[in-house]
Amino acid sequence: MSTLTEAEAPPPTAPVPTAKPARRRGRWTPYLLLAPGLIWLVVFFAMPMVYQASTSVQTGSLEEGYRVTWHVATYWDALSEYYPQFLRSVLYAGTATFLCLLLGYPLAYLIAFRAGRWRNLILILVIAPFFTSFLIRTLAWKTILADGGPVVGALNSLHVLDVTSWLGLTAGDRVLATPLAVVCGLTYNFLPFMILPLYTSLERIDGRLHEAAGDLYATPLTTFRKVTFPLSMPGVVSGTLLTFIPASGDYVNAELLGSTNTQMIGNVIQSQFLRILDYPTAAALSFILMAAILIMVTVYIRRSGTEDLV
Amino acid sequence: MAFLNWLKRHLVVIAGLLTLGYLLLPNVVVTVFSFNQPKGRFNYEWQEFSTAAWTDPCGVADLCGSLSLSLQLAAWATLGATVLGTLIAFALVRYRFRARGAVNSLIFLPMAMPEVVMAASLLTLFLNLGAQLGFWTILIAHIMFCLSFVVVAVKARVMSMDPRLEEAARDLYAGPVQTFLRVTLPIAAPGIAAGALLAFALSFDDFIITNFNAGSTVTFPMFVWGSAQRGTPVQINVVGTAMFLIAVLFVVAGMVVTNRRKRQKA
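Protein chains in written order, with our numbering: chain A, 1 to 310; chain B, 1001 to 1266.
Possibly wrong hints are sitting among the right ones.
Unchecked claim - Now the in silico label distances, taken between C-beta atoms and shown as ranges: (1) B:V1013 - A:V160: 41 to 49 Å; (2) A:K226 - B:V1013: 18 to 26 Å; (3) B:A1189 - A:S80: 17 to 25 Å; (4) A:D206 - B:F1135: 45 to 53 Å; (5) A:G153 - B:V1013: 23 to 31 Å; (6) A:D206 - B:A1189: 47 to 55 Å; (7) B:V1248 - A:G60: 32 to 40 Å; (8) A:R27 - B:F1135: 35 to 43 Å; (9) A:P220 - B:L1197: 48 to 56 Å.
As the list claims (entries may be wrong) - Here are a few chain B residues that face chain A, going by a calculated C-beta distance under 7 Å: (10) V1013; (11) Y1044; (12) V1116.
Unchecked claim - Residues of chain A clear of chain B, computed beta-carbon distances all greater than 12 Å: (13) H71; (14) W76; (15) P192; (16) R225.
Hints are computed from structural coordinates only; laboratory data are not their basis.
For each residue, glycine too, the CB sits at the ideal point set by N, CA and C.
Between the sequences and the hints, there should be enough to build the whole structure, so can you do that?
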């Protein structure tokens, strides 16, 4: 740690008094300001959910039209037919989230504490890939992981592929069209969503706390375990959520880098809606995914004890 | 031993730089392969160097059309989401009103929802209403999911604003409109700009929600998706590389300007 620069950090500035709400004049002003945006969200976000719930309990066909018959069995049928894809989504998204945390933390730490004058440049490099369409970048993984390419060759000669195919992550000499490729793509695509919140919460940590821990004979590892990591928890929580939620509904990586054996629930919803046109089943699947995510997120936020996400 | 010590001290830096490499590797591949001359329909294997795609970026049917459609969509979606989102952000920070919790969750939920769920439910709405899928349905969808991000960006800025500045303006006999235009808006501008930039990037690169609600309209991400099935033209890589370079140039130029201003003030 560069102790000098951190000791010179200016003391926190006096808190700015918060904006005082509730002016007598214009009792209707807040509602007028809120109305256009909220109406948009109600009509195009909330109402569609209601339509979807209603579609999921309809029966009928494309030709004859659909009617609400409270056919709840659709949910049961959908679950019993597609539970492997549900499990796979949770498993892949969970693994990708864990890998993002594992890979992203050192980089966020590097930017926050060790980068010095390179800080802004590295931050730009983290954000810059966003400006190339993510589909093009995902397709680039097809080249990187190509059969017989340098990456696969290296993994093969280090006998990594033997281990991964024993674990069922890859198949033979191939990485493409296996779970490993899909998880690799998911990890890659959502990594910045992990790094940025981690960086924000790490950057807020007062460097003097590290020195204090060192003065009290904490080893660097203990300092990290008892001081840095607990203080970065808000970043860990929002980072994992920002990674897990989009990853669990994603179908792009599974479609471009995977095979029919690596389909996730997003692939099923997409093909039911856009190709097979079985709207009730598709709506039921989408509804189950939404409920599962909301329950998981609520439990997770409660347990980790951070309420302020917005 | 000395090497081991060095390694121990720089472990975080090495791990961080490896992650950075992982993040940037695809961009390097995209750039290199924009100079490729593929043999078949797909541009996944290196053949030979060529600048053919760079000299003829619109040489593939529909590519530039889809690109300009995406830019138009992103511009309109940014405008819509920024206006609506900024109004909400000001209401949330500056006023007390009923049902605040409900409003907050209505803004939070679109960000906590997998895109495919929003996409699918919006499509059910459009199908039920018998709407014609195309430009307008995509625009509606894009404004919907960009809105919340604008609210968050603008809210953060307005919250950290010193209300005494506005009071000072009022004390100096500025009317409410004048105070807003001359004091409030300039201070909130960086937040609004950040929100707008985010909205533009989100809308321009959106695939999942567009895929569901576009009908037969082809945006640039839809074009790339289709070409992954039919054959990937090199021009896709040219567009990707050019976008990357332009964005980095803009960011660097912006940083140089702010740094210079800071130095002048100091």
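Evaluation of the provided hints:
Distance hint check for V1013 (chain B) and V160 (chain A): the Cβ-Cβ separation is about 25 Å, which falls outside the suggested range of 41 to 49 Å. A beta carbon spacing of about 22 Å between K226 (chain A) and V1013 (chain B) agrees with the range 18 to 26 Å that was offered as a hint. Restraint check, A1189 (chain B) to S80 (chain A): a C-beta distance of roughly 54 Å breaks the suggested window 17 to 25 Å. Judged by the Cβ atoms, the range 45 to 53 Å given for D206 (chain A) and F1135 (chain B) holds: they are separated by roughly 51 Å.
The hint said 23 to 31 Å for the Cβ distance between G153 (chain A) and V1013 (chain B), and at roughly 28 Å that hint holds. Take D206 (chain A) and A1189 (chain B): their Cβ atoms lie about 30 Å apart, and the range 47 to 55 Å is violated. The supplied range of 32 to 40 Å is broken by V1248 (chain B) and G60 (chain A), whose beta-carbon atoms lie about 53 Å from each other. Between R27 (chain A) and F1135 (chain B) the beta carbons are some 39 Å apart, a value that agrees with the proposed interval 35 to 43 Å.
In this structure, P220 (chain A) and L1197 (chain B) break the distance hint of 48 to 56 Å, their C-beta atoms being roughly 38 Å apart. The interface hint given for V1013 (chain B) holds, since its Cβ lies 6 Å from the closest Cβ of chain A, which is under the 7 Å cut-off. Here the hint on Y1044 (chain B) is kept, as its CB sits about 5 Å from the closest CB of chain A, short of 7 Å. Of the supplied interface hints, the one on V1116 (chain B) holds, with its beta-carbon coming within about 4 Å of a beta-carbon of chain A, less than 7 Å.
For H71 (chain A), the condition that its CB be more than 12 Å from all CB atoms of chain B holds, with the nearest at approximately 16 Å. Residue placement check: W76 (chain A) keeps its beta carbon more than 12 Å from all beta carbons of chain B (closest about 19 Å). At roughly 7 Å from the closest C-beta of chain B, the C-beta of P192 (chain A) falls inside 12 Å, breaking its exclusion from the interface. Distance check on R225 (chain A): its Cβ is at least 14 Å (rounded) from any Cβ of chain B, clearing the 12 Å threshold; non-interface status holds.
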